[in-house]
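Start from chain W and add chain F according to the hints.
If you want the building blocks of each chain, they are given just below.
There are 2 protein chains.
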Amino acid sequence: MENGKLLYAQSGGVTAVINATAAAVVETCRRQKVTAYAARNGILGVLREELIDTTKESPAAIRALRHTPGGAFGSCRYKLKSIDADRAQYERLIGVFRAHDIRWFLYNGGNDSADTALKLSRIGKTLGYDIRCIGVPKTVDNDLAVTDCCPGFGSVAKYTAVSVRECALDVASMADTSTKVFVMEVMGRHAGWIAASAGLAGEHRDDAPHLILFPEITFDAAKFLARVRETVARVGWCVVVASEGIKNPEGKFVSEAGTTDAFGHAQLGGVAPALASLVREKLKLKVHWALPDYLQRSARHIASKTDFDQAVAVGKAAVEYAAEGRNAVMPVIVRTSDSPYRWKIEATALDKIANREKKMPRSYLTRDGFGITAVARNYLSPLIRGEAPPPYGRNGLPEYVALKNVAVSKKLPAWDG
Amino acid sequence: MENGKLLYAQSGGVTAVINATAAAVVETCRRQKVTAYAARNGILGVLREELIDTTKESPAAIRALRHTPGGAFGSCRYKLKSIDADRAQYERLIGVFRAHDIRWFLYNGGNDSADTALKLSRIGKTLGYDIRCIGVPKTVDNDLAVTDCCPGFGSVAKYTAVSVRECALDVASMADTSTKVFVMEVMGRHAGWIAASAGLAGEHRDDAPHLILFPEITFDAAKFLARVRETVARVGWCVVVASEGIKNPEGKFVSEAGTTDAFGHAQLGGVAPALASLVREKLKLKVHWALPDYLQRSARHIASKTDFDQAVAVGKAAVEYAAEGRNAVMPVIVRTSDSPYRWKIEATALDKIANREKKMPRSYLTRDGFGITAVARNYLSPLIRGEAPPPYGRNGLPEYVALKNVAVSKKLPAWDG
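From first to last, the protein sequence lines are chains W and F. What the first sequence shows, in my numbering, is residues 1 to 417, in sequence order. What the second sequence shows, in my numbering, is residues 1 to 417, in sequence order.
Pulled out of the complex, with its shape left as it was, chain W reads as follows (with noise of 0.2 Å):
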């Protein structure tokens, strides 16, 4: 590679192994005798000029990366506005890169993620400063546009799959004379991969989950517990396993629909409760409800293996485009084949990426709207295949990596923005 150093950012909500993708970014640097800069916070570090020296690391540091969940350099919510709504703002970005040399710049992250690297890739030229932008794929959510999956997806499929069979086999020992309906509520406001990756919990009919409710799906409370009755009749128990993103006919998220607390306060979201309700004073069954949130994508006890290989992989990859003079790319992850699986890296421009959002197909979801086809079963079922545990320290306890993330002197003026 050129001289000039290398910049990675995370971006939005973290994963269970966004840090595999970082530490397959900084190994890669090192091989390829680059500097490799990290911005802290995201894209915010940058405008900051919060800059850390991830050389400063220990190399054993960064292979515990692989395994520590989290975003071990800080992540942001924050989203970029218009070149033409704040242009200083690109300016600065360009500035800071100017002032750090640095030349690549690879942000890890969702859509939003992959506009910004869009964007800085052109204003580079336009500033007439040489930045190439590679975007690094990521999120739980599994709606980035032309990969075939996302890092972070796997994981936390695994860990929600793995979750409903076992809390099946509790409720099912416990229906005769406690509690008959359970539900559970996961990620996904938009799209229900992470409720359909439920599905792969049950085999058989009869097995758990019985009803999965999509944000696909409208909400229809009477056909909902028309069905939950009917499991209940049939096998003495059910298991609901509802997105935090369904909304009833009236378009209005079920989570949000004028819940208040022991304190009088609008309530915070919350289907599980909000269905668990329903169905205790509709159908006077004992029911019980589990909420993990944060928990389901900071699991990487639990990591798919296939989703872990393939964090590693586009991390890595990024850095080679960077060093082929590549701008403006993502690397991707292609299926070649469903059975046995088998999958490649490709690059694919920024701008088939950015800002688009890979919906679920209906043809992944039953005709009556509770469950997943098999079409979804041969997509979903090699994500979770595989374990990639972390090393357990002698209490007991994962041995997650805290980086010492040293700071690189500032040499601009603060940022004002």
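Just to be clear, a hint being listed does not mean it is correct.
No distinction is drawn between identical chains; accordingly, a pair holds when it is met within one copy or between any pair of copies.
In silico lysine-lysine, DSSO-like type, Cα no more than 27 Å apart, as pairs [unchecked claim]: (1) K81 <-> K286; (2) K316 <-> K33; (3) K223 <-> K359; (4) K284 <-> K252; (5) K247 <-> K286.
Don't read these hints as lab results, they were simulated from the structure. From a predicted model like this one, the values you see are computed outputs, not experimental measurements.
Using the frame of chain W, we list chain F on its own:
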């Protein structure tokens, strides 16, 4: 062992390792050439004469029970009345024992189950039928008297500590622009043992969890909010672990203080959403919350090896006590050394355990009531040590077993109780 059969039953809330105890019971019986029956759904299966012939299961199936969560024979929440209040019920139990030549009854549960086993051990003599009753400890609540800890607790403790460590990394990496406060609710209506185990996730000051709310300490909203604010100011974010059993100064469960939901119904419990709303309302901070519910006690995939070993050991010991002709005893765990951690199994009279409750010592909680002390760490730490993962199939899911559960032919008229 003499002629006759042994009957094993599971009672109360199931755990990640109660089936490891069941497997040890069945395997030890096989070695001792004793026929082991199991009751379907605990003591109710005895009353209903719904017995399962475990000799119909393959050695591989029983072996797989060791790593399968839930209760393989079904459990129940059912408290027998006193002998004076319902003598007929006890006569029925003895009648079923007599009809099937049951000479040993092993009841795997908590305080109530120990009480049931104790009563049965006495009534046999009164009714002229020689039945030996052995209690077998199990409860995620860790509240059984005498025993140093309870099989089932170590695994939920490990799940809790690992989950807190993982989601803390998530929150830390996003706190700059997103969630600043994360609340995780754990089980424990009367005692804060599970909440305390969350404390193992942190090792240094400012590590998560920053606050633990115990049922032993009255919830003081002002003090809580002040501490959350202080933590966010100092650390940048704050992780709270709250026991479901915390009460306000009026003695009401915080989870039940008049919540209504999206459908206008009284809300099912939920300390976490109540606390989250409080923080959002009073401190204007972005909050997320999680409530893993049954996921925490069925998470066999992250079971503690210590817990697993102890679950096996009590199952084995219970059969051995039966073979020795002992009655009205329970195998309990005795800690013989903290460092290195060592333990052994001893028999204790059931009347020292039945209907008693082990409270968490005040010395386990820090003076401010928001954390655990070094004494608590010494006690808790060994219980989560070691991993005992289940085998995984090629599909990426744990290979849990479903027994055939072949019914024993009934010999008595139906129970009309």
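Do the hints match the structure? See the list:
In this assembly of identical chains, the alpha carbons of K81 and K286 lie at most 27 Å apart only when taken from different copies (23 Å versus 49 Å within one copy). For the homomeric pair K316 and K33, the shortest alpha-carbon distance inside one copy (14 Å) is at most 27 Å, but the shortest distance between copies (59 Å) is not. In the homo-oligomer, the alpha carbons of K223 and K359 lie at most 27 Å apart inside one protomer (24 Å), although the nearest pairing across protomers, at 46 Å, exceeds that limit. Proximity of K284 and K252 under a CA criterion of 27 Å is satisfied in both settings, with 26 Å inside one chain copy and 24 Å between copies.
In the homo-oligomer, the alpha carbons of K247 and K286 lie at most 27 Å apart both inside one protomer (24 Å) and across protomers (23 Å), since each shortest distance falls under that limit.
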